[in-house]
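Visitor: What follows is the residue order along each chain.
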Amino acid sequence: MGTENLHITSWVMVRNGVAVQNDSLFLEMTDTDPLSFIKALYKQIKCDYPKFYKMDNLCKLAFISAELLLKNVKLIYGSDEIAVVLSNSSSSFDTDKTYYQSVGDKSNYFPSPAVFVYTLPNIMMGEICIRHQFLGENAFFISEVFNSGILSDYTENLLNSGKAKCVITGWVEINESGWDAALFLIERTAKENEEKRLSKEHLNEIYALKRITK
Amino acid sequence: MEDIIAKLKAEIITQLNLEDKTPDDIHTDAPLFGDGLGLDSIDALELIVLLEKNYGLKLDKPEDGKEVFYSVKSLADFIQSKKK
Chain A
1 MGTENLHITS WVMVRNGVAV QNDSLFLEMT DTDPLSFIKA LYKQIKCDYP KFYKMDNLCK
61 LAFISAELLL KNVKLIYGSD EIAVVLSNSS SSFDTDKTYY QSVGDKSNYF PSPAVFVYTL
121 PNIMMGEICI RHQFLGENAF FISEVFNSGI LSDYTENLLN SGKAKCVITG WVEINESGWD
181 AALFLIERTA KENEEKRLSK EHLNEIYALK RITK
Chain B
1001 MEDIIAKLKA EIITQLNLED KTPDDIHTDA PLFGDGLGLD SIDALELIVL LEKNYGLKLD
1061 KPEDGKEVFY SVKSLADFIQ SKKK
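Residue numbers (our numbering), protein chains in the order written: chain A, 1 to 214; chain B, 1001 to 1084.
Honestly, the hints are just simulated from the structure, not real lab data. Remember, predicted model here, so these are calculated numbers, not experimental data. Just so you know, not all the hints are guaranteed correct.
[Unchecked claim] The list that follows gives simulated cross-link-like pairs (lysine to aspartate or glutamate, DMTMM-like), each with its CA atoms no further than 20 Å apart:
| # | chain 1 | residue 1 | chain 2 | residue 2 |
| --- | --- | --- | --- | --- |
| 1 | A | 46 | B | 1011 |
| 2 | A | 39 | B | 1020 |
| 3 | A | 51 | B | 1011 |
| 4 | A | 106 | B | 1040 |
| 5 | A | 51 | B | 1052 |
| 6 | A | 51 | B | 1019 |
| 7 | A | 46 | B | 1052 |
| 8 | A | 43 | B | 1020 |
| 9 | B | 1053 | A | 194 |
| 10 | A | 43 | B | 1052 |
| 11 | A | 51 | B | 1003 |
| 12 | A | 51 | B | 1025 |
| 13 | A | 51 | B | 1040 |
| 14 | A | 39 | B | 1019 |
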């Protein structure tokens, strides 16, 4: 089996004060900082999930991107048939630094459990799965740059081996350059056209934001 | 006592990142866990840190935690009792 019937049925991009959902601009606030933008997005989406505010930055970015990805989507799969496969470059370094700073002063040594729990990048998949009650396979990859090949191959394997019927995959990264999330919903369907077929080229094309229609 | 309660509410909001809450949203006698503010096990650990960091207090007996952390009022009572 190849990727003939595996399609990118939904996608989102959250980057540099811009949130794009399936070729359309959802929100743009280019004169604000990334955290304020993500909070504005949370309010715009109108999701009522107070735990959002307790998450670290990386999880906030992943969580809100997944909310936007699934906003108008009705998943018809069992909880254990939905897999999440994410990747990034800097792991949880953004929160690692915060935690390191919090334990740096031995005379004022009060490690925060709430910060510590986010010092792993795969926690963002946990937050998405808890929110949507997904119980399928989770995998997290670290790569220097957005690696569509790994994501495409792993997703294809999960779907073609029967381990999942639907995969949320993508890239959620925070580093000195900024915040960058790109999530894709991959499903087996014969209805979509060729340009939405799962392939590393199509993932790259979307990631490069060549398809925005304002 | 009212001062401690007001201070505690503000500290809980800050320490637990309850950004969507105001002190008025936290009812003094309401349970902090479960039905009340809906706090979780990590929040419980954060409250222990808060007690130690801001008030220099530790729970002598872990089994007292359920009672001490029941509400803002019970937390304030505990702090008050240790001041004496």
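Visitor: Checking each numbered hint in turn, tell me which of them this model violates, lowest number first.
Guide: Numbers 1, 4, 5, 7, 9, 10 and 11 - these are the hints that the structure violates, sorted from lowest upward.
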